[in-house]
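Visitor: Below are the chains, spelled out letter by letter.
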Amino acid sequence: MIDVVLDVISWVLLALGGACVLIGGIGGLRLPNFYTRIHAASLTDTMATLLIFTGMMLQSGFSLPTMKLFAIMLFLLLTGPTATYALANAALLSGMKPDSGVERDRGASGGVQ
Amino acid sequence: MYILVSIAILVTMVLALVRALLGPTVYDRVLAVNVFGTKTVLLLSVIAFLYGRPDFLDLALAYALINVVGILAVLEFFQDRSRKQQGADND
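Here the protein sequences come in this chain order: S and C. Note that the first sequence covers residues 1 to 113 in our numbering. Note that the second sequence covers residues 1 to 91 in our numbering.
If you're looking for bench data, these hints aren't it; they were derived computationally from the structure.
Covered by chain C, according to a simulated footprint, are these stretches of chain S (three or more residues, beta-carbon under 8 Å): (1) 43 to 50; (2) 57 to 67; (3) 72 to 83.
No residue lacks a Cβ here, since even glycine has one placed at the ideal position from N, Cα and C.
With the rest of the complex left out, here is chain C (with noise of 0.2 Å):
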């Protein structure tokens, strides 16, 4: 059963990044990206499971922290240039 949820979150996380190739705006490749992220982490603890090595948790723990960091990281610099573009055409 492991191994079908993993398989599963493979599928998903080559959908996600077909669409991070594809997206039209840079959001939905942020969105595709944050996706790939929160995959990530399901596909560890699954992974740590499947071998019966539940040291692979904390991995999943350390990548979470990172990917939401990431993510708001990344949306605070695209939201902080477009406002500065909004800002140029004013002027």
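Next up, chain S with everything else stripped away, as it sits in the complex (with noise of 0.2 Å):
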């Protein structure tokens, strides 16, 4: 019994997580300026990681792959928002400045090219 609802618990969280990175992919693709494709990146950075990362603990239950699973987590969760910080900073000090989306993908509002 709880295995089977341990089971759906993992399905649940492994699509939801699924469902992120795809969102996440295609807002990086899509959306107009460079600021807002930072703010769809860093979805899939941390929503999906924590999602894909728990459906998989659940799996595996109580053993060393957890325990690795676990590590490579926190890992991703500590340094993919350091890094798109690091990214949105260098951005901001080369002097691309954040707009409301008007220029479109131009690169015209400078930055080095």
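With the hints as a guide, bring the two chains together.
Guide: So this is what it looks like as structure tokens:
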């Protein structure tokens, strides 16, 4: 009984994680300028990582792979937002202005081409 | 279910590659490469469970370590370069 419940919970978490990955990927391609694309990419960095790894941890039970999964998840959750922050900081310092998405995709708002 | 998740991750990797090729600025490209690297770690972990070989998790851990160091190094390089260019403009 408890196995079935754990299976269902982990499948739901994995499906939600896959949906988050897809939404983030489509957003990273389709959104109009750089800062909005950072928003979409950070969705896949944190939410999808959390959901997919939690789902796999529920599948593998209490064992060594669970500890490895936990270590990878912790590392990704620590470094993903740090890398995104460094990226946004570098873009801002190089003079790329956050605009409202009016100047679309031309790189017209400055920055290194 | 693992196969569905890995297909979703693969589609996202292709979309990130398209953004890396299109990206108008260099920061778009770095962002797309960062997404690609994170998705590689996820894909390796999912494949480890798909084929029932948990050894792949070690590869995923190593790739996560390499990825973040690479992204930070590339960013440091471009930040340094743009600062030098600004300094050259001011001179």
